[in-house]
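Chemist: Protein chains in written order, with the numbering used here: chain Z, 1 to 87; chain Y, 1 to 87; chain R, 1 to 87; chain D, 1 to 87; chain E, 1 to 87.
You may find that some hints are simply not true.
[What the hints assert, rightly or not] Lysine-lysine pairs mimicking DSBU-like chemistry, simulated, CA-CA at most 30 Å apart:
1. Lys-23/R - Lys-18/E
2. Lys-18/Z - Lys-18/R
3. Lys-32/Z - Lys-32/Y
4. Lys-18/Z - Lys-18/Y
5. Lys-18/R - Lys-32/E
6. Lys-32/E - Lys-18/D
7. Lys-32/D - Lys-18/E
8. Lys-18/D - Lys-23/E
In case anyone wonders, no lab produced these hints; they're calculated from the structure.
Since this is a predicted model, take the numbers as computed values, not measurements.
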Amino acid sequence: MYLARVIGNVVSTSKNEKLIGMKLMVVEFLGKNQVPTDHTEISVDSCGAGIGETVIVCKGSTARGIFGGEAPVDSAIVGIIDTVETV
Amino acid sequence: MYLARVIGNVVSTSKNEKLIGMKLMVVEFLGKNQVPTDHTEISVDSCGAGIGETVIVCKGSTARGIFGGEAPVDSAIVGIIDTVETV
Amino acid sequence: MYLARVIGNVVSTSKNEKLIGMKLMVVEFLGKNQVPTDHTEISVDSCGAGIGETVIVCKGSTARGIFGGEAPVDSAIVGIIDTVETV
Amino acid sequence: MYLARVIGNVVSTSKNEKLIGMKLMVVEFLGKNQVPTDHTEISVDSCGAGIGETVIVCKGSTARGIFGGEAPVDSAIVGIIDTVETV
Amino acid sequence: MYLARVIGNVVSTSKNEKLIGMKLMVVEFLGKNQVPTDHTEISVDSCGAGIGETVIVCKGSTARGIFGGEAPVDSAIVGIIDTVETV
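With the rest of the complex left out, here is chain Z (with noise of 0.2 Å):
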């Protein structure tokens, strides 16, 4: 799982009707210091994040059994973060 900031959405009319409904947000990632990294994707909202919030982006398989396994989903957020504490 990565620490990713949501800076944005996007808006598809066209898609696979199985992502009919989902919010479709794009997040960057962040590294060390949370220092936004130049790495974005779309990643499917699981837990009300909103624009500017840090969350935490699951993917892969994983992503995809959250919201059944059968829609086409490899990315999404999974938790809003609180705080980071790094040493």
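On the provided structure of chain Z, position chains Y, R, D and E as indicated by the hints.
Modeler: Below, chains Y, R, D and E alone, put in the same frame as chain Z:
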């Protein structure tokens, strides 16, 4: 899932028979502000995407599942983007 | 699997309910001679690892399986390293 | 899936018995305009690809499935490219 | 699958019990002309590989399957290389 732009397609006569009839597109992944990155791959279209369109690409076993799970597909175009809104 | 060092943890109140009670650690991956790399991620501890320890991180569906296969986990700490011997 | 060029092969006498008889090719991934990248890997040929040919490489559990799901294969050549057309 | 060189091993007393008895090797991935890259990982040996040998590393759920599917393994050494022939 990743934002990408469709930049072409490939023709392959000699290929796995389960790929016959599939649209094998060349996509380049997009980074922040939708600036193209150096990453390109072959993605199978599942939603009528054309050259120049910005799309959502889904990867791994999830991409395979979109086509029934039997074809050797690990990347699929699952949506065409109308708009991207980022802060 | 990767060598990593545990450098912190995150607190998340609003998260997938299957993550409740799990220890969400921040790890930084180590390269040659155990020099820290720029790659960090969130990994769920399964063996009592503490801050500063060098650990083995396992990824993907394999990490999910460690916790029964239902929780949205794609990275897990599966061992604490005593020594690394390299030529 | 990735565009790659077949640049060689490996010989391995001591290997997992399920790999016996498989063609273990060395491939280099291609980037934009089919310029070779630094990424190379070992991919199992499933369609008679030869040295110098441009091919489609499929990865992960999908590659394993091509060979019945039992052999330790995570990368497979699934098509030989005739032409690439990009804008 | 990747070409890698075995450069060491790790000792871990406190680890997932299904890893007990496994040989946890440190491998560095090789790039073109077998030049070492900066990428290292921990890979479980399945074919008697020793320090200094060039090997084939298999990843992901495929690596897990080699050991019966229950152990937290996502990288495995599946062959020892005799020769690499590239153009």
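Chemist: Each hint: holds or not?
Modeler: Verification of the supplied hints:
Taking the CA atoms of Lys-23/R and Lys-18/E, the gap is about 21 Å. The hint holds against a cut of 30 Å. Of the supplied pair hints, the one linking Lys-18/Z and Lys-18/R holds, its CA atoms being roughly 23 Å apart against a limit of 30 Å. About 19 Å separates the Cα atoms of Lys-32/Z and Lys-32/Y, which keeps this hinted pair within 30 Å; it holds. For the hint pairing Lys-18/Z with Lys-18/Y, the CA-to-CA distance comes to about 23 Å; that is within 30 Å, so the pair holds.
Of the supplied pair hints, the one linking Lys-18/R and Lys-32/E is violated, its CA atoms being roughly 43 Å apart against a limit of 30 Å. In summary, the hint linking Lys-32/E to Lys-18/D is supported, as the alpha carbons are separated by about 26 Å, within the 30 Å threshold. As the CA atoms of Lys-32/D and Lys-18/E are separated by approximately 44 Å, the hinted pair breaks the 30 Å bound. Between Lys-18/D and Lys-23/E, the direct Cα distance comes to roughly 21 Å. Compliance with the 30 Å bound is thereby established for this hinted pair.
Figure legend: structure checked against the earlier numbered hints; hints not met, in rising order: 5 and 7.
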